[in-house]
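Novice: Protein chains in written order, with the working numbering: chain A, 5 to 222; chain B, 5 to 222; chain C, 7 to 239; chain D, 7 to 239.
Worth double-checking, as some hints may not be accurate.
[Claimed, not checked] Straight-line alpha carbon distances no greater than 25 angstroms define the calculated DSS-like cross-link-like pairs of lysine-lysine that follow:
#	chain 1	residue 1	chain 2	residue 2
1	A	Lys173	A	Lys18
2	D	Lys75	B	Lys125
3	C	Lys175	A	Lys82
4	D	Lys190	A	Lys173
5	A	Lys14	C	Lys237
[What the hints assert, rightly or not] Cβ pair distances, simulated, as ranges:
#	chain 1	residue 1	chain 2	residue 2	range
6	B	Met5	D	Ile103	43 to 53 angstroms
7	A	Lys9	D	Lys225	52 to 62 angstroms
8	B	Gly154	D	Glu139	34 to 44 angstroms
9	A	Glu63	D	Arg141	47 to 57 angstroms
10	B	Lys18	C	Asp25	32 to 42 angstroms
11	C	Lys75	B	Asp65	51 to 61 angstroms
Just so you know, these hints were derived from the structure itself, not from any lab. Even glycine gets a Cβ: it sits at the ideal position worked out from N, Cα and C.
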Amino acid sequence: MALDKNGIAKRIAKEVKDGYFVNLGIGIPTLVANFVQEDISVEFQSENGVLGMGPFPFEGDEDADLINAGKQTITTLKGASFFDSATSFSMIRGQHVDLTILGAMEVSENGDIANWKIPGKLVKGMGGAMDLVASAENIIVAMMHTNKRGESKILKRCSLPLTGVGCVKKIVTNLAVLEVVESGFKLLERAPGVQVEEIQNATEGNLIIEGDIPEMKL
Amino acid sequence: MALDKNGIAKRIAKEVKDGYFVNLGIGIPTLVANFVQEDISVEFQSENGVLGMGPFPFEGDEDADLINAGKQTITTLKGASFFDSATSFSMIRGQHVDLTILGAMEVSENGDIANWKIPGKLVKGMGGAMDLVASAENIIVAMMHTNKRGESKILKRCSLPLTGVGCVKKIVTNLAVLEVVESGFKLLERAPGVQVEEIQNATEGNLIIEGDIPEMKL
Amino acid sequence: MINKKVSGPKEALQGLKDDMTLMVGGFGLCGIPENAIQEMVEMGVTGLTCISNNAGVDDFGLGLLLDKKQIKTMISSYVGENAEFERQMLSGELEVILTPQGTLAEKCRAAQAGIPAFYTPAGYGTEVADGKESREFEGKMYLMEEAYKADFAIVKAWKGDEAGNLIFKGTARNFNPCMAGAGKITIAEVEELVPAGELDPNHIHTPGIFVQRIYQGAKFEKRIEQLTTRKRD
Amino acid sequence: MINKKVSGPKEALQGLKDDMTLMVGGFGLCGIPENAIQEMVEMGVTGLTCISNNAGVDDFGLGLLLDKKQIKTMISSYVGENAEFERQMLSGELEVILTPQGTLAEKCRAAQAGIPAFYTPAGYGTEVADGKESREFEGKMYLMEEAYKADFAIVKAWKGDEAGNLIFKGTARNFNPCMAGAGKITIAEVEELVPAGELDPNHIHTPGIFVQRIYQGAKFEKRIEQLTTRKRD
Chain A
5 MALDKNGIAK RIAKEVKDGY FVNLGIGIPT LVANFVQEDI SVEFQSENGV
55 LGMGPFPFEG DEDADLINAG KQTITTLKGA SFFDSATSFS MIRGQHVDLT
105 ILGAMEVSEN GDIANWKIPG KLVKGMGGAM DLVASAENII VAMMHTNKRG
155 ESKILKRCSL PLTGVGCVKK IVTNLAVLEV VESGFKLLER APGVQVEEIQ
205 NATEGNLIIE GDIPEMKL
Chain B
5 MALDKNGIAK RIAKEVKDGY FVNLGIGIPT LVANFVQEDI SVEFQSENGV
55 LGMGPFPFEG DEDADLINAG KQTITTLKGA SFFDSATSFS MIRGQHVDLT
105 ILGAMEVSEN GDIANWKIPG KLVKGMGGAM DLVASAENII VAMMHTNKRG
155 ESKILKRCSL PLTGVGCVKK IVTNLAVLEV VESGFKLLER APGVQVEEIQ
205 NATEGNLIIE GDIPEMKL
Chain C
7 MINKKVSGPK EALQGLKDDM TLMVGGFGLC GIPENAIQEM VEMGVTGLTC
57 ISNNAGVDDF GLGLLLDKKQ IKTMISSYVG ENAEFERQML SGELEVILTP
107 QGTLAEKCRA AQAGIPAFYT PAGYGTEVAD GKESREFEGK MYLMEEAYKA
157 DFAIVKAWKG DEAGNLIFKG TARNFNPCMA GAGKITIAEV EELVPAGELD
207 PNHIHTPGIF VQRIYQGAKF EKRIEQLTTR KRD
Chain D
7 MINKKVSGPK EALQGLKDDM TLMVGGFGLC GIPENAIQEM VEMGVTGLTC
57 ISNNAGVDDF GLGLLLDKKQ IKTMISSYVG ENAEFERQML SGELEVILTP
107 QGTLAEKCRA AQAGIPAFYT PAGYGTEVAD GKESREFEGK MYLMEEAYKA
157 DFAIVKAWKG DEAGNLIFKG TARNFNPCMA GAGKITIAEV EELVPAGELD
207 PNHIHTPGIF VQRIYQGAKF EKRIEQLTTR KRD
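Next comes chain A alone, as it looks inside the complex:
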């Protein structure tokens, strides 16, 4: 069965290793924090200027001066620090953040990503996404494999305006885990109960299937 948003987040959480500094985008990526193993040490960075983010505050404890990049009220954990936006992007551009998890509208065979603009629709802006995808060495995209009309979002070429070129390495969708390799999308894992054929049908880009494809362990 295809994964729901929490399922995608749960699978991605397994990619978060001990000692990682992680930047989570808005949407599914934010959910990843809920599933990170408890026995490892991880710090979450938010590009508006905080390292060491904790959970939402208890009711009544919210502080207007303490938000994340999604403008939500947050808390901090022991060892947290605050900094300005230039320093925040020094962390990102300087590749001090170990893992970036973000959503996408489209991903292409060569690792291009489009996630900020739909021509003809209202454009809200790229926020920090262009800096994140251009800089991060380790990017995981969290997305649905197809759009609402059932069309593949895993493409030969992106049709939407790009956010970054050749930057995506790994994709976790509701159907599969894919790795971006030289010649296309290498199928690494299937969602529980999902068959390879279903993934193939939902993938417009070149899908590389080598040997038996294991089911995800969640």
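Place chains B, C and D on chain A using the hints.
Specialist: Frame of chain A, contents of chains B, C and D only:
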């Protein structure tokens, strides 16, 4: 009579206006702080990371963590701040420092300055001088008019390796106050008792003498 | 100590004229100079170009200036949480220049630091690169980005002293320290203004040399944009 | 919290090998990582390239490494307060690359910030410009300067916590925050190491993400280079 070092510093102090942030080089410039009018507000910046420098500490009050760019122990005044070297040069390069006073070995008609290197002699380095002269909008050079052999240091062209090009606007020497203009050094003031002829003889570069040249008021 | 204290936003904004370019600190509604924005509404200046990460909401932040059509151009990384903004953008009344957030921060910092241009990988290969020089360093492609120029930078801090030194709180720091000193005149609005000497020189985030005018804001609403909480056990 | 604490300079310097490039914080003898320098003397690594504003004095600071001929190249803005340094430089044993101080700081900061190159006016028209690209922006000439590359950055702070967060004191801050995060591995030596949570997150100068290894130095001499005082009335 030609000025001594304190005399030069005293004359330069008159160029320090209310509200100025000032960077003082090593040597004569450091002495300027002693002569700034008491009824104006001035803050001294040192490029190693302090704004709001005060006098030397009382004996026994010295702190190894509190020095100026000459590595001398200092104190700070109310309103002082500490910052890192990149921020310090943001102040300098970004033209937030209103006045830079520094020494020179040679100055040329077009405002070039040489003050860091004598070929064949041990080179200690430019420190912050190249950043200061390349950035400052308002530079005053404090220097002796001639070298120990009596040769002019106010030249058509510098003979020594340059620190910066076309940056010097005003020079205060033991003999005169000069302004660097299009066609050479415009004589603004004479040191008390020093005649124009003496200044002319000590100046290799083109000296522009227009009308009566007043004596400096100290 | 050079005293930067002024009576309030009215005095601080003297010299602000139609068609000028402003940097305005804040991220969302967090860390914005509320009192200065209100004063600009009352001044009625128009044709402004605002460099600010976001554009406020309909009835708060820069949204107040948008509502009165005082802004001609917005330079931001993320906008549109604001119906009037949307309307003006779609009708073409408002020009919007979208800039990657890190590039925006660094272009402000470059202006502060006297760096005329720098290279960043953000936006290479996208429409952000249109009309910009690109260049390879060690096998990776970068865009050349130039420092912003602004007439005024208006920042908001938690505490400040009369020498113009600033201390920020939490994530209300954001773009404020990057913009301080990045405009020809920098105005700092603070929640608490203290005499020089009361702030620890080691704790100052923005040294006073970057600030020309400082005042204590009369009133701070500090509105929360997305209230997210969890229940106590 | 990601714990960066190591037992001391020996563990912190693991992986340091001959011919590597180091950034070393400090201005003169102020804010230098004394314990790490002593450990490098004992390790006997040679062929080092050191990026550091100064080169110490004969019997302290980087002078200790120079004395043992462990340094091949010094990249500094001001040197020569050191007789052995002078001898090695004049004999050609030691290569010295003199760099304007602000450019040196910004090249470190660029490395930290992932900026491959930037423009600065410092050194234009001088021998510092030899072999460098120059370019005009708004009628003024600038040099293009590239980010430094270093294997290790070794910095010294006043207080630190186990998460690697650093707080500096007075002018001992200097180059240290610019170098933290500018090497592949950053080592922080602190006078006092406290558990995470004891430092106010608003007061931290260098966030822990820029530091990989941290320890409390066993002993600090904190030598004064130029003792200047005035008499009490």
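Novice: If you test the structure against every hint from before, which numbers come out violated?
Specialist: The structure conflicts with no hint, since it agrees with every one listed earlier.
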